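Asks: Chains as they are written, first to last, in my numbering: chain A, 1 to 631; chain B, 632 to 750; chain C, 751 to 1273.
FYI, nobody ran anything at the bench for these hints, they're computed from the structure.
If you're wondering where the values come from, they're calculated on a predicted model, not measured in any experiment.
Hints are not guaranteed to be accurate.
Label pairs and their computed distance ranges (CB to CB) [claimed, not checked]:
#1 B/I731 / C/W1260: 45 to 51 Å
#2 C/R940 / B/F702: 53 to 59 Å
#3 A/V293 / C/T1085: 41 to 47 Å
#4 B/V734 / C/L1177: 36 to 42 Å
Rough simulated footprint, nothing fancy, chain C against chain A, three-plus residues with beta-carbon under 8 Å [as the list claims (entries may be wrong)]:
#5 43 to 56
#6 164 to 170
#7 175 to 185
#8 190 to 200
#9 618 to 625
Lysine to any residue pairs mimicking SDA-like chemistry, simulated, CA-CA at most 20 Å apart [stated by the list, open to error]:
#10 A/K180 / C/D1225
#11 A/K171 / C/A877
#12 A/K462 / A/K171
#13 A/K179 / C/A877
#14 B/K691 / C/L1220
Glycine included, each C-beta is placed from N, C-alpha and C at the ideal position.
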Amino acid sequence: MTELMPAEGVFSLIWLLIALPLAGAAVLLVGGRRTNAWGPLLGVLTVSASAVLGIVMLLQMMQNSPEQRTFDQTLFSWVFVGGFQADMAFQLDQLSMVFVLLITIVGALIHVYSLGYMSHDRDKRKFFGYLNLFVAAMLILVLANNYLLLYVGWEGVGLASYLLIGFWQHKPSAAAAAKKAFVINRIGDVGMSLAIMLMFVTFGTVSFQGVFGVADQASEGTLNAIGLLLLLAACGKSAQFPLQAWLLDAMEGPTPVSALIHAATMVTAGVYLIARSNAIFDVATVAATTVVVVGVVTVFIGAIIGSAKDDIKKSLAGSTMSQIGYMIAAAGLGPIGYVFAIFHLLTHGVFKAGLFLGAGSVMHGMNDNVDMRRYGALRKVMIVTYVTFAAGWLSIMGIPPFSGFFSKDEIIHAAFEQSVLTGVLLIIGAGVTGFYMTRMFIMTFLGKARWEDDVHPHESPKVMTVPLVLLAIGSLFLGMALLYWGNIETWLEPVVGYEAGESPISTTASIALSLLAVGLGVLVAYLMYQRRAVPIEAPHGSWLTRAARNELYGNEVNDVLVVQPTYYTSRWLVWFDNKGVDGFVNGSAAFVGGLSGRMRRYQTGFARSYALSMVGGAVLVVLALVLVRAS
Amino acid sequence: MNVYTPILVLGLLAFGFAAFSVAAATVTGPKRYNRAKYDAYECGIEPTPQPIGGGRFPVKYYLTAMLFIVFDIEIVFLYPWAVAFDQLALFGLIEMFLFIITVLVVYAYVWRRRGLEWD
Amino acid sequence: MSPLLASVGAETETAFTMPSINYYAIAPILILFGAAVVSVLVEAFVPQRGRRPVQLVIVVGSIVAALAVTIDLRGTRLVTGEGAIAVDGPTLLMWGALLVIGLLGALLMAERSIDPLGDAFAPRASALPGSEDEQEFTRRGFLQTEVWPFLLFALTGMLVFVASNDLLVMFVALEVMSLPLYLLAGMARRRRLLSQEAALKYFLLGAFSSAFFLYGAAMLYGFSGSVSLVAISDTLSAKTGEGSLVAIGIALLMVGLLFKVAAVPFHQWTPDVYQGAPTPVTGFMAATVKIAAFGALLRVLYVSLGGLRWDWEPMLWIIAALTMLVGSVVAITQTDIKRMLAYSSIAQAGFILVGVVAASPQGLASALFYLVAYAFTTIGTFAVITMVRDASGEATHLSKWAGLGKKSPVVAAVFSLFMLSLAGIPLTSGFVGKFGVFAAAIDSGNTWLVIVGVVASVIAAFFYVRVIVLMYFSDPTPDTASVVIPSAFTTIALTASAVMTIALGVFPQWLLDIITQAGVFIR
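Given these sequences and hints, build the entire structure.
Replies: Laid out in structure tokens, this is it:
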């Protein structure tokens, strides 16, 4: 059993991890245009300082024995009403530690990259302010020691994401995308707030320690309900089926945002939530199974969308969806999967950030064109981007010894331990991954140049390529490092639990199968896009291609299920308020006839219908009370 | 419920009589419409002044009527106080004094703002 | 036969006993009432030019004095005036809130530098709209100073309303509170016909609802032989079997009170009145009437009808659910910001009702917190609306707010803060309030009502956030309104409400402590 350590020494500075970027955001957003000159640099510095602090804490944490690695810092009692208590308190353990490092280090690299990418933007200090705000909110999310504070961070990252997607608000598409992301996320948030309330009712507390300590005493039905509500929340934030539609539109935001928020960190918050709530999902079997199903379905939705999109960022977004599907599926597997979900989350965070920044670098050289059909043959002019993108490409496909190989194959292997079907489906998913990533790689860097006339591709400045190189090195070594040197299973085991299961097939066999599938995918892509010329106009394509281009009609489904009913209910109520009530009055007035004819002219417009509805309401209220009392 | 039955019966009787009267007048009475019948009822005299533009009366009518009501009610309150003056003693005197002052303030306001002048 | 009836009915055998009144405990009421009377005399005797400064001194001075006494009274818990007035924790808390909000409202009404023509009120409310007289009054720079006595009388009525411990005093207070508000609603300087129509509607429907209230009070008197809340409660527990007279009485009483809080189906006056009334008045009454009416409703339900909880709860469940849903849903399609906020206030009334229905000390505490939080946010919201203008006055059509975030980032940011608070986003006062009422409702087993509430607040979040989106993510058009820089009056009111909105969201504990210490209603 882990014990709760008081936050002393360097750990007394847990609050500072958050306070630094928060202060940066405050200075940049309040300071306004005055900070234009030095603001972006300040943004980089605050996040880098948090990263350094995080690394120091990691080193310190490794000094302690595994049971003594959970640190608790209570700042003050935040809400204390009746039996309900929620503190402004943080908990740093092995799980939040790896998240802190991912967020601050990848965050710092992306801040540096943005110095170059956003250098010409008029509002760049605002951009860095929002980015800092995001980092602070994300750190609150992963450092909270209770669900209510986690919810604060959860909403905070949602807000930052919304602001950043709509950063180029002069584009109507960006504004619309921001709104869409916000609205769909609210649906997930309903799940979150209901889950928190249900926890409070059931356990009388919302702190992690409190809830997990007594989780197994609640009825399984209640736990399943909580689990499913948490899953709904995770689906919203992590763009999982059926709430996936917003992520593709979110690519309207600047590319560093796509890399940081919509690939590496925020969208993985759902995985964090499920892994953190492992005590609930361990008992709630129905909810856990649903998690696996949602994950596997999303693996395919994302991969299919990624295979059909010609927009490089949207294709990558589909891929992100699909990869998070792997993590969610792994998290649903229970103690055999949590550590690998987090493992894949870390490696994915690094290589997907690299891929997105690579895509940004390409766009930077191509006048912000995102259409891969107008790319081609860029390997000659953008050598650094080419090599680093290749590292990400090999990593996401799971080619040894790149990081993705270790993490994804652990998930597939673990899936076989649960059921052969899940394992086979995930292997097929890996094959499709091989196809769309190779397609993207070939269309962008290989083949013939299909550039527009006035485009002169060039390599990006150092400030952008250095982060690319660092992330590429991470894509190559992080997997090995975490597995062999960092012992990720034993590191996370005290928090999320770990047990090796019995697999029906050997490790070698599962690796061989998945490599075979990936190889097939690569071969198909090679035949389709390298051996044949890529047309500039997209061909009509099969029904599946067209459906995938339309994001598998996710928008239409949302429209029919949520948007239209709300809209029409509202319209109907307004109509009823204006027409129905008056109509009724006018109708009854016709019976009374000429008598009221003269009087009506002297009546003020609508006051009488208001009065009538008051009488109606009063009659109903009287009847209700009399009936209740009589019964 | 028995206690209320007579009241209910009485109410029904009253309503029935009213309905009967109106109905009887409608059925039996002659129907001759002229301008006087459409006019507002002011004891048979011509309503003065004639409504301008479809029905505005000078606000002074209402003002005068309201002032009358305010001071009338003041008198009404004075009666019971006078009857029970012996028992209410000093407390009653002070309370009544405060009450009259309150009305006096209103009177002063109306007077100073020329609410008592017709033109 | 009750003692009261006995003393009246017997042939003056029993000697008159002097009522004992604790004058200090009701001093805030007396101060405001005295100030209101003096204020009328100022109208009568001080020359036109000198009235405004004198009135301002009287209003601000009396409110501050009443507030000081209220603070000094903390911890008081007594019933005075022969059971007519109860001064207890909740009373004092609501007095404090009403006085502070009243002060902020007075500051908004005192603002003179926003409108180039003067303040927000018609120079002579009696002049025909558009007539030559009206133009003449405007040209000569007349100011309407009768608004100040009205404000003081309305506040006095509210203080009595939340403290009244019997139905008759409550009714008188209801009228003292309402009549000045009807008049204030009709005094807008611009769009006067709309304003006068609003005032007339408010008056007619308000009088109608008062009749319901009075009828209900008569029924309860008929049942128990007393108008005292405590005596009614005692009779109810003594005669449990008897039925419909009580039920009708309670129902009609509720109709009168629910009209004032704007609960569905007694809500229809709200949009028209909020839209037509001068905006500072709208802000003042949206915030204070909500506190006063809920204060009285809570007292009637908790003190007098607590024993009948199982009878009135189902009705209030349905009304709360309807209020939340209708308010939120109808607000979505509004295009006028004041109308939208009117429907929003209906929805918020529904959320507070969720706390009221909980019928527990926790429910009372959460409703009180919600009221205070809502009042500050609301008055700030309307303060911003007074400042957003175009050539014809306040620009209340939503399309004129497009791109405001680019033209006036600070004001737009403050307005966004208020919208987020009304939507109940964490770290604002609205979140703590909503959380409190929902938690209280769940504790009392009203889980389904909370589910309806969460759904309604999701719908509501849409139209609140839509305003933010409109301000920040649309480009300014030639029609976009501009923000007028106000004088210190509005600035102080706006700053205070913004600070409270954040303070109650981030550090709600101090107010929660005060509310906890305030305890429950005295019996």
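Asks: All the hints need checking, so say for each whether the structure fits it.
Replies: Here is what the structure says about each hint:
{"no.": "1", "hint": "B/I731 / C/W1260: 45 to 51 Å", "result": "holds (47 Å)"}
{"no.": "2", "hint": "C/R940 / B/F702: 53 to 59 Å", "result": "violated (37 Å)"}
{"no.": "3", "hint": "A/V293 / C/T1085: 41 to 47 Å", "result": "holds (44 Å)"}
{"no.": "4", "hint": "B/V734 / C/L1177: 36 to 42 Å", "result": "violated (53 Å)"}
{"no.": "5", "hint": "43 to 56", "result": "violated (count 0)"}
{"no.": "6", "hint": "164 to 170", "result": "holds (count 3)"}
{"no.": "7", "hint": "175 to 185", "result": "holds (count 5)"}
{"no.": "8", "hint": "190 to 200", "result": "holds (count 5)"}
{"no.": "9", "hint": "618 to 625", "result": "holds (count 6)"}
{"no.": "10", "hint": "A/K180 / C/D1225", "result": "holds (19 Å)"}
{"no.": "11", "hint": "A/K171 / C/A877", "result": "violated (50 Å)"}
{"no.": "12", "hint": "A/K462 / A/K171", "result": "violated (29 Å)"}
{"no.": "13", "hint": "A/K179 / C/A877", "result": "violated (48 Å)"}
{"no.": "14", "hint": "B/K691 / C/L1220", "result": "violated (49 Å)"}
Taken one by one, the earlier hints fail for this structure at numbers 2, 4, 5, 11, 12, 13 and 14, listed in ascending order.
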